[in-house]
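Student: Letter by letter, the chains look like this.
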Amino acid sequence: MTMIFGIPLQAFLGQLLIGLINGSFYALLSLGLAVIFGLLRVINFAHGAQYMLGAFAAMLMLEYFGINYWVALILGPIVVGLFGAVIERTMLSRLYNLDPLYGLLFTFGLALAIEGTFRYLYGAAGQPYSVPAQLAGGTNLGFMFLPIYRGWVVVVSLVACIGTWLLIEKTKLGAYLRAATENPVLVQAFGVNVPVLLTLTYGLGAALAAFAGVLAAPIYQVSPLMGSNIIIVVFAVVVVGGMGSIMGAILTGYMLGIAEGLTKVFYPEASNIVIFVIMAIVLLLRPAGLFGRDA
Amino acid sequence: MAPLLQVSNLNAWYGESHVLHGVDMTVGEGETITILGRNGVGKTTTLRTIVGIIRERKGEIRFAGKDMANVPLHKTAHNGIGFVPEERGIFSTLTVEENLMLPPVVAEGGMSLEEIYELFPNLQERRSSPGTKLSGGEQQMLAIARILRTGVKLLILDEPTEGLAPVIVQRIGEVLKTLKERGMTVLLVEQNFRFASRVADRFYLMDHGRMVANFPVAELPGKMDMLHKVLGV
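One line per chain: the protein sequences are A and B, in this order. Residue numbering for the first sequence is 1 to 295, as defined by our numbering. Residue numbering for the second sequence is 296 to 528, as defined by our numbering.
Simulated from the structure, these hints should not be mistaken for laboratory data. Just so you know, these numbers come straight off a predicted model, no measurement behind them. Each residue gets a CB set at the ideal place from its N, CA and C atoms; glycine is no exception. Please note that a few of the clues may not be correct.
[What the hints assert, rightly or not] Capping the alpha-carbon separation at 30 Å, the derived lysine-lysine pairs in DSSO-like fashion look like this:
1. B:K518 to B:K472
2. B:K524 to B:K472
3. B:K448 to B:K370
4. B:K428 to B:K524
5. B:K361 to B:K428
6. B:K448 to A:K172
7. B:K518 to A:K172
8. B:K428 to B:K472
9. B:K472 to B:K448
10. B:K448 to B:K475
11. B:K472 to A:K170
12. B:K472 to B:K353
13. B:K428 to A:K170
14. B:K353 to B:K370
15. B:K353 to A:K172
[Claimed, not checked] One side only, chain A facing chain B, incomplete, derived with CB under 8 Å:
16. I162
17. G163
18. W165
19. A175
20. R178
21. N183
22. Q188
23. A189
24. V194
25. E269
[To be verified] Not close to chain A: a few residues of chain B, all C-beta gaps over 12 Å, as computed:
26. E382
27. R505
28. P516
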């Protein structure tokens with residue numbers, strides 16, 4: 001058997017793949033958080049709940065309307081994005097003139113309310129959501145067995161991340177967004193409706209979280225707590241990457257996912273804390289984060 | 296003919312502090328008006344209140360016949376008022392060209408990109424650089440240029456020459472003269488007296504949150520003693 005650093009190659013690559021998959025979710029989620037924080041200056045604690053809503057949207061659409069995975073992958077984020085936009089317009093937008101702590105507390109309360117509601121309705125236990133038939137099964141790469149669905153998750157989240165990055169860095173809408181992040185008053189004086197831009201941005205962030213949620217449904221089980229389990233790690237990812245840096249959030253998501261996977265190979269006991277250890281080190285050496293613009 | 300901009304008994308507040316105490320002024324179409332005054336008398340506040348950035352205001356602002364009191368900030372530009380702030384407001388995460396293209400075009404009659412690059416050749420050379428990598432003078436040019444694209448009728452400039460080298464100040468003076476030839480109306484706040492006397496048609500002198508004098512450029516020589524005393528220069 002081929003060995004690498006005294007570890008069977010298969011185990012190594014297997015964990016690398018798991019790391020890459022986890023990294024895909026970290027990247028998608030921290031990207032949404034970074035976009036929201038960049039423009040709204042709100043630390044969106046409801047992000048995990050919105051991820052969970054995406055998974056539930058897929059499951060409930062299938063259960064009640066027979067809507068399949070492929071349609072749910074589009075429709076779920078749209079529904080959750082609209083829900084986010086309504087929340088921003090009716091509630092969150094009232095807090096912008098107050099201390100940022102209010103936005104954090106509001107989204108935290110919102111997350112608790114959403115999760116509590118779903119726990120009440122569906123119980124805390126996870127419910128299965130099957131892999132779409134087209135992506136079922138796996139393929140033998142020679143050195144390892146790759147479940148096709150997991151390969152799909154890695155590819156499609158990469159596409160979503162790059163697409164979002166292009167939207168923000170290369171389009172006119174993205175230029176408004178970046179400019180409004182720096183100086184919202186001036187952008188508004190130029191004739192851009194910044195309040196609508198804020199609503200769109202929060203909706204987009206929520207939709208990205210829901211997209212990750214739909215992707216996650218067949219891998220993890222659909223559970224009201226799935227969001228709060230992952231969101232703490234995602235916050236650590238954002239801290240390591242630097243708040244508000246889009247590319248930083250994406251790269252850090254993948255990097256830390258892989259770091260976590262590899263730790264499982266070399267020192268399994270530490271795999272649950274390695275991201276937080278990295279966060280502590282980054283905070284000590286570079287408080288603005290690896291890709292943060294300023295301290 | 297009614298003036299393009301008519302400000303009557305304008306009062307404005309920063310929280311508790313009452314800054315403007317009944318500003319009256321008019322700006323005719325095609326005029327270049329300069330507001331003079333010592334630091335802290337409310338010149339910048341006057342501009343920001345007219346634009347609508349400062350919302351705690353009372354009194355009347357009438358632009359092209361329309362009452363601007365309830366116009367939201369993001370509609371000011373669409374009504375024909377363009378603003379170049381004192382700090383210039385160049386965006387560091389946008390390239391020069393993105394900065395230039397950022398403000399939406401609100402009316403026909405603005406300059407084309409070609410005309411702007413002809414007027415500001417440096418901006419074309421550096422169009423892919425990040426906006427804030429430009430020199431102070433180039434940033435000021437960019438801040439003015441991006442408003443000229445939009446087709447606004449009134450250009451409001453807050454101390455365009457502040458902190459700039461004499462040769463750049465002269466260049467900005469030439470730009471303002473070109474704009475005047477094109478019929479642009481300009482309202483500016485300026486500390487640089489010589490610069491102001493070259494570009495302005497008429498002056499307002501401001502003190503303690505209101506206008507205390509108003510005279511055309513022809514009367515400037517006769518007012519110099521008074522101005523030196525009031526402005527403390």
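Student: Compare the structure with each hint and give your call.
Tutor: Status of the hints after comparison with the structure:
no.: 1; hint: B:K518 to B:K472; result: holds, 24 Å
no.: 2; hint: B:K524 to B:K472; result: holds, 29 Å
no.: 3; hint: B:K448 to B:K370; result: holds, 14 Å
no.: 4; hint: B:K428 to B:K524; result: violated, 40 Å
no.: 5; hint: B:K361 to B:K428; result: violated, 39 Å
no.: 6; hint: B:K448 to A:K172; result: holds, 24 Å
no.: 7; hint: B:K518 to A:K172; result: violated, 49 Å
no.: 8; hint: B:K428 to B:K472; result: holds, 27 Å
no.: 9; hint: B:K472 to B:K448; result: holds, 15 Å
no.: 10; hint: B:K448 to B:K475; result: holds, 11 Å
no.: 11; hint: B:K472 to A:K170; result: violated, 35 Å
no.: 12; hint: B:K472 to B:K353; result: violated, 34 Å
no.: 13; hint: B:K428 to A:K170; result: holds, 19 Å
no.: 14; hint: B:K353 to B:K370; result: holds, 19 Å
no.: 15; hint: B:K353 to A:K172; result: violated, 36 Å
no.: 16; hint: I162; result: violated, 19 Å
no.: 17; hint: G163; result: violated, 19 Å
no.: 18; hint: W165; result: violated, 13 Å
no.: 19; hint: A175; result: holds, 5 Å
no.: 20; hint: R178; result: holds, 4 Å
no.: 21; hint: N183; result: holds, 6 Å
no.: 22; hint: Q188; result: holds, 5 Å
no.: 23; hint: A189; result: holds, 5 Å
no.: 24; hint: V194; result: holds, 6 Å
no.: 25; hint: E269; result: violated, 42 Å
no.: 26; hint: E382; result: violated, 9 Å
no.: 27; hint: R505; result: holds, 24 Å
no.: 28; hint: P516; result: holds, 37 Å
Consistency with the previously given hints fails for numbers 4, 5, 7, 11, 12, 15, 16, 17, 18, 25 and 26, ordered from lowest to highest.
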